[in-house]
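Chain B: place on chain A using the hints.
Given next are the chains, with one letter for each unit.
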Amino acid sequence: MRDAGRSGDTGLYMAELRRTELFDLHVELGAKMVPFAGYEMPVQYPAGVMKEHLQCRAAAGLFDVSHMGQVILRAKDGTYETAARALEALMPVSVLALAEGRQRYGLFTNDTGGILDDLMFANRGDHLFLVVNAACKEADIAHLRANLSDTCDITELTDRALIALQGPSAEAALAPIASGVVDMRFMDVLSAQTAFGELWISRSGYTGEDGFEISVPADQAVALTRALLEHGDVEPVGLGARDSLRLEAGLCLYGNDIDTTTTPVEGDLTWAIQKVRRTGGDRAGGFPGSDVILPQLDNGAPRKRVGLLPEGRAPMRAGTQIFATETDADPIGAVTSGAFGPSIERPMSMGYVTSEHATIGTTVYGEVRGKRLPATVADLPFRPSTYKR
Amino acid sequence: MKYTEEHEWLRVEGDLVVVGITEHAAEQLGDVVFVELPEVDTEVAKDDEVVVIESVKAASDILAPLDGEIVEVNETLPDNPGLVNEDPLGDAWFFKMKIADMSELDSYMDEAEYKDFIG
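Chains as they are written, first to last, in the working numbering: chain A, 32 to 420; chain B, 9 to 127.
None of these hints come from the bench; they were simulated from the model. It is possible that part of the hints are untrue.
[What the hints assert, rightly or not] With a Cα cut of at most 30 angstroms, we get these calculated DSBU-like pairs of lysine-lysine:
#	chain 1	residue 1	chain 2	residue 2
1	B	K104	A	K402
2	A	K402	B	K123
3	A	K82	B	K54
[As the list claims (entries may be wrong)] Which chain B residues stay away from chain A? Per the calculated CB distances, all over 12 angstroms, these:
#	residue
4	M9
5	R19
6	V48
7	K65
8	E77
9	P86
10	M110
11	L113
12	E121
13	G127
Since this is a predicted model, take the numbers as computed values, not measurements. No residue lacks a Cβ here, since even glycine has one placed at the ideal position from N, Cα and C.
The following block holds chain B by itself, in its conformation from the complex:
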């Protein structure tokens, strides 16, 4: 698992990267009440805003961690946004993307580095 400074986790699944938010992020957000997912088969560039999350406290965006193509989204989230708080690392993944160069993942933090990052 890799982690971004924007509190996303990235998990390699075959030739895809699965993207979600960390427990720390879910806790900071508070109860999530709205999730808007990107369209499947969309080409995205790194740092594009691809997912909108609204919690009882604030609106946040999930950014595309890498250049690539969104190939699958978690259709259960818009109807059950609370899943983001219940299981952020598992069932509440947001999208899967195909990226050209898997080695780009190396630039992100591993778990120990992320734990240091959030202190």
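Extracted from the complex, chain A is given alone in its bound form:
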């Protein structure tokens, strides 16, 4: 048996690997640790990827996402408005209109309309709290400092861990620790004084499930994680299942499904661009790449990110070339993420195809090991999300 090198690797390998606060606990729980975005992270626990995935959908899964970057953006004049206007200069997203105690999805764009990173940002009253991808965090912070330092202070929080608790039992498991979470709805944020210090909780995640992401003081991270794992419905989940969960939920993995060569319109992320930042809006444009992105919003883009459901059992992994017919010489696109979906019980992929082939229901062909196999362009998510609206 030989690794066929078709795994569609998503990690960034670095010589010096960092560890999160939970490293020893992962090892104690029997995790298989792998390099990911410069950290040694648990790819799976003894239960394995498939069971961990199903556990998260049926009850609750606990994820260590402490490798992600936690950043405070605070205006020098102390107002949310100044910080929001500053951040709007880097994103095609309305930051100003975000209500206090709410979180939103954002995108840093570059001058050609490509995506530098995707992130979550929250209005915490007098400042913004950002959570950015691990592999991009140093570049993101440098980008923020280079562009916003005149008006804002940018602080990376290195003394806080981040864990995600996802699944239908997440609320029941977290409520005994922070009772206020029962009143939160999707994308609400909350600070709670708890037995584990001040927790910054958002009702959000990366699985398509209801659940929470919890920023915790680093010295309390292990104790909080152990307390959550004591709940009978909560089991640890590694990066392997995190990937199949997010793919079933139709969520992009930065570096695979979106990157500096894809625009938000091509990436089918136009829902993240509020009207106020589009042509004719009060704060239209004024972000990097607006001369590319605004016309694409009006006229469409030459290609689009779509869901793909292979007809057989063979997964179409990242890099699989997509063709319009069984015989055409030139591809119309490629798969950017592909895996087996444990909950939908079939293989699933996301990728880019030319817009003329992006209509739901179109049959296209993925070339797998030299064979053209049919797949159907499908609506995303593959599995309906269960957010608490």
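Quick look at chain B alone, frame taken from chain A:
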């Protein structure tokens, strides 16, 4: 039983060699979600890629351990790929092949050597 460095096991059954993957290999692969078998009556050369396995983590190939002919494949695997994790040494054999010279098996590891090999 003989073992290859590619983590396949080879079991002689009359004049045939049965081929599967080891428990160690199944564990490393993780949950297997797809198996593609070769056609029966195919002539294969040593190191030809004859079986495709996809797990939740990666795609792998099983190589023909010897020159010979594929005479039987395990038809249950494509419909039940998870069997590879449940019973890698038993029910989840992949194919049986007829080889010209059984003595070629001698070059492969025995169980003790394989255990040393995987450490």
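- Message: Of all the hints numbered above, which does this structure not satisfy? Sort the numbers upward.
- Response: Those not satisfied are hints 2, 3, 7, 9.
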